[in-house]
Amino acid sequence: MLNLPLSNIRIADFGWMIAGPLATRVFANFGAQVIRIESTSRIDEIRVVGAKPDGIDSPNVAGVFNDINTSKLSMTLDLNTELGLSLAKHLIEISDVVTNNFRGDRMSKWGLDYGQLKKIKPDIIALSMPMMGSDGPHQHYGGNGINIIAGAGISGITGYPHRAPVGTGSLYPDFSGNPNHAAIALLAAIRYRNRTGKGQFIDLAQYESTISLLGTSVLEYTANNKIPDRPGNKSPNMAPHSVYPCKGTDRWCAIAVSNEQEWSNFTKAIGKPEWASQSKYSTMEQRKKHEEELDKKISSWTSSRDAYKIMDLLQNHGVPAGVVQDTKDLLTRDPSYTKTHVVDMAHPEVDSMKIHGETISISDVESKFDRAPLLGEHNDFVLGEILGIDESKIDDLYVSGVLR
Amino acid sequence: MSSKCPDTTQDQVLCGVKIIDLTSPAGFYCSKLLADLGADVIRIEDSSTAEIENYGPFYESKKHIDNSLYRWHFHTNKRSVELNLSSKNGEEIFLDLLGVADVLITTEPESKIAHLKIGKSEIRAKHPKLIHTSIRAFSSQSIYSKYKATDIVALAMSGLMAITGFPEDPPNQMGGEQAYHMTSMHAATGTLIALLNRDFTGLGKDVEVSMQECTSLATLQTANLNYYTWQNVSRERTGLNHPFSVPRSDESSSNYPRTLYQCKDGWVSYSAHLAPPGAWERFLKWLEDHDSQQDLMDSKYLDPETRQSNQTHIDEVMANHCLKLPAQELYHSAQRYRLLCVPVQDIGDLFIDEQLNERSFFTRVKHEDRSNSFTYPGAPYKLSETPWRIQNSAPKIGQHTEEVLEEWLHNHAGDVFTTDA
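Sequence order for the protein chains is X and S.
Counting in our numbering, the first sequence tops out at residue 404, every number present.
Counting in our numbering, the second sequence tops out at residue 825, every number present.
Looking at chain S on its own, in the form it has when it is part of the complex (with noise of 0.2 Å):
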């Protein structure tokens, strides 16, 4: 295992991490969490990719995979290196490369390592240092296990679904993708800690994570499985309202019940719920610097129980106060009284938005085939000594074929690199 790092990652720590990343879009973020802090990521790639995955939406709406803005994105810092998996050169060719890397990543039940002579307990024989982290659709021990499944699949039978949208319509995908996020999420987390493990043991693992479980545990408060054990209730979709008002039972559904609010140029989030202590000391004073308060400064409101009874009132003062104010102002005089109110924002506001400008949050990404650099979403955590950094954008599909053979090989491309391959 050599660990020898390029100078472009030399300070980030997960540099001389040799990943083969053979995953479907389930994957793709897992493999791009360890790329961006540093990996030697290479994806294995052929001529049906160019087919398969050319997802939009595309750079300009031109079609083409180089133009795939989800390669783009998902695919930053890795490389691609051209190998058919089906000719026998090309699995030789992939066998020598699992001899040098640390971790294999892959999707299934459709990974493209099932189609190989060897099998799964062989490379375990073979490679026992190689860490293997295979992202499922349901878990092997799963009834379902070879039940496919996308992003909507996998958030309808994890119960996030049922959760999501209002009840009138029907259950709604949650936006960006984000079974695809949690399972990515899961397995870059597996995988390192079988990484700290083989620092230890110097032995790989079979690292297994499947998007249904993943993406189920994003419910275990809205809809938590004791609902169900204890009251025998299954939560539903509550549109506007917050999803612990409805149907209600606890006290954490005091005050007011819904978690969106229409505003004069749009929409603000506020959570009336969990909110520290004195909240609605604060909430009277933030309505009253805007005159909104109506009779809510009546001291029959200072009991929570009154107040629990007025729910609808007091919800429609809050209503009519947001009407009058434009989002940003709503937002920045609430938080000034520590009252959790946030703006729904569109991509378009993020750029406008002076912390993120502070903190320097987006990333320019230099395209060196279009000479040209596009901005990125940046660092998901700032890590003091080791950066995240998005060094290098996607790869042309096998951009990086004889570089990584070389390296990685130490093998002049030509002398394995043939026709077949």
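In isolation and in its complexed conformation, chain X is listed as follows (with noise of 0.2 Å):
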């Protein structure tokens, strides 16, 4: 048994798609017991779409689903039965924190919003993710990554002033502020039930969670009235400051000269220190003046080589430079990606499949990290180890249909 320090929190998630289900997978792989209730009846999303090998039609091989559910178990329950529900409350009578990320009144419907779930266990910890929150004349409206990207203002600071706000090509919100905002707010809580016994309640708006993630965009419109264009790949703080054009199809290099030294040992590593006692780049400030030109002289020079060569060379004179890598890439060239957070995760319905691994390292303490559930695996472990019902009852329960 893995000494892990979560190991005394159990978790009902009730999380379906990316930003619920996200939120609880750092609790799994560092020991929680992250209980997915699921249902066949309507099957989560996240289970048959996106990456999936080619050929084999099952709920428990999708690549992103694999990937965001490390560690978890699975029970599968239907939730629109008496029954059902009444087991969904047992297990909520002996968990520590129950998480959703449906939207509107999902859980009320059911009975399990957090004023119902106090009364089914009165330190409970419940939190609520819907895009727009718990209260307010939107909190039914929905939508995902795409949509609250777009609606909290990140997509309007990203890309080319003349160009549409593209966005991020991810579903960035269901990976970044929301569920590692919702983590984050959860080990908190649990910090402050241990020391005070007492619960509470965590309402989280994916799209005021996705807004914190604007850095100073807010405050140059309300202590400056400005509001911030697409810049580009241009910085207010360094130049040069782009990816490169480097030798190959679609291939860049990305620079960012930080500080005068930096810029000095750029100049020598490319070859060109005159450039440093040229007063045209001689600051920040007028290597900012002079950005474009700088740029075409420095793709000029980057065009006709390597961009792993080009990266390598501006580290050893300790300049940051990084290669716009493709998967491709990571899996091919970047043999330190492979082995750091690459995880060959074996499957009994898939021979191969790559699954990021945890992306916190705790001294002394190896993260769990166990395949992500089959589509209600645990049911009898749920129920007869974690629940303790008997045997025979638990073949009842498997009869009457309300383990789906």
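What the hints contain is simulated information worked out from the structure, not anything from laboratory work.
There may be inaccurate statements among the hints.
Heads up, simulated EDC-like pairs for lysine to aspartate or glutamate below, C-alpha to C-alpha not over 16 Å straight-line [what the hints assert, rightly or not]:
id, chain 1, residue 1, chain 2, residue 2
1, S, K533, X, D364
2, S, K521, S, E486
3, X, K234, S, D415
4, X, K198, S, D753
5, S, K550, X, D312
6, X, K268, X, D329
7, S, K466, X, E285
8, X, K226, S, D753
9, X, K198, S, D415
10, X, K226, S, E789
Note that the structure is a prediction, hence the values are computed from the model and not measured.
Please assemble the complex out of the two chains, which come individually in their own frames, going by the hints.
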């Protein structure tokens, strides 16, 4: 048995799609017993969309699902039956945390809103993370990461000013502020509960949580009365700062020079030490002023060279630089990434599956990292071992059709 | 480990937790998250801080560290202690502070503690209760462990940048330095796990996260590693198209490929994918309400396969529909039909948003030194018992030196704080 820091925590996880389940992933990886409450009559869509192996029709093999549900248990339960609901409540009674990311009043329709949960388990910690939060005129509005990134203002500051607000190419909020802020709030609430015996309700509006990632944009507006534009790849604090074309098709290397020492090192590295003494490049302000011309010169130096060689050369001179890597690069050209981050996960229904490893490492603690559960894989375990129901009664439950 | 809280944070969840913040920008949001939940976060700064960390934009465009909106935003609730770590006295005081701190947060590979005589393992041996959170550019196990990264470099190396932007443009850096934010959030999570662990074991831990790995997590859907493993596909930039739709091989790309549509006065994002059941029928009603349906009422479109093979046409109908109407009208009318439509908003739009105003999202922060208040982004989460709060604006460099040394070391500042410190 591994001595994992969260092994005394049990979470009844009603999360679905991405943001909810991703919030509890880190808990499961560090030992918490996270039980997904699912249904076979309305299968969590993330079990069936996105990356899937060819020719396998199963709710257990989708890449994204397997990535965001590592180390969890799965139980199927028909919550629209009285018996199913009472089993869920039974589970809540012995859980520390209940999570969901449904919109609107889904949980209260089941009688599982915070007020009700508190009656079942007085010190329960409940996390609810609908897009718009738990009150307000738009509380029932729905959307996913693509919509939230647009509404919250990140798309508006991404890309080039003369181009459309392209957004992020990823359902970014589903992977960033929303699950991460949720995990932080939950951990904080658990510590408070441990110290005071009091549970609490966490109301996380995914819209607001994403606005919290805008950095200085809000202050630029409120203090300087300026609406920030799309900056392309420019930085107000660094020059040169962009991605530069390299040898090959669609190959780019990011370079970011953040101070005078790095500038001097950069000019030496690329064999243009004379740039360092030119007054038009002598300070960050000057380089910003002549940024376009400078970027052109740098591009003409980079465009005939290999992106990885440029990165190595610049980094060896102490200049931050990195290749714009795609999945193939990450899996075939970055040995560190595959060694430190990518996990080859054994799976009963697929020959090979690659999963993102746990991002947090803690000294003397191995994170658990079991494969994501098959749909309903742990019904017997949850009913028998966790809820203590007799084997014969479990058989009755199967017959009654409530376990689906 | 004293856990005495000042009155101002007594109702907050991390009240009494002492944190030493030695981070560069990749870690600023980490310590802000903890400070806004009530932790006592002190930044160790020196005369070079004003030069190195003088990040724009600046208040009224006047370049000065005290006007740095970057500092304003990220250092809320933190205190500043001026200490020169390369001086003997400064290092001694720092080590004394370490002795009473609960958490030390540093950013690697350029951490200031690298210059101390005392090494990481000595710190661990001497302060077994201390939690040391190290935020790295690349994993310490990586061949790139000594490489440096800013936000754009981490986005590039993580795989996220390769899928951001138009295919005909260079890859784009996401706005708002998201690699820094992602990494900081993972670091705060790891710190809190270590803190919970210490509550039981009495022992601190070394926590490590890397920008490359944390940022990479945001690619796990669009550019899932298994697209390459199973189909030999590396996802590319898709511009306005839904990342699922190019290249397409699965049912999730049905109906219409685009995610952004131009409307009368801007743009809306629309997610036809993963919409709840019955979305097609509700979509038609929505179009009908605005007389935009064209021929889509034809029963042949009830068949998902027909819709799939007529994607381009449906997309055109939708595009024309959106062009007729302002973003806000599209937003509210679509949401009434439970369709996933949200306008592309700029910062100004957020301040006239009914929902944000009703929930009092934005928060006023008093700047004592200016006898003025400014509006900041509010709570990323609302905890019913232990409020998130911005109590104090960012400190001036060295503003709290005496106060912190007095509180943390129970010393009169004059006794320990000499001119070379």
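For each hint, the structure was consulted:
1. S/K533 - X/D364: 14 Å, holds
2. S/K521 - S/E486: 19 Å, violated
3. X/K234 - S/D415: With a Cα-Cα distance of about 42 Å, the restraint between X/K234 and S/D415 is violated, given a limit of 16 Å.
4. X/K198 - S/D753: 38 Å, violated
5. S/K550 - X/D312: With Cα atoms ~11 Å apart, S/K550 and X/D312 stay inside 16 Å; holds.
6. X/K268 - X/D329: Judged against 16 Å, a Cα distance of about 28 Å means the pair is violated.
7. S/K466 - X/E285: 13 Å, holds
8. X/K226 - S/D753: 13 Å, holds
9. X/K198 - S/D415: 13 Å, holds
10. X/K226 - S/E789: 36 Å, violated
Checked against the numbered hints given earlier, the structure breaks hints 2, 3, 4, 6, 10 and satisfies all the rest.
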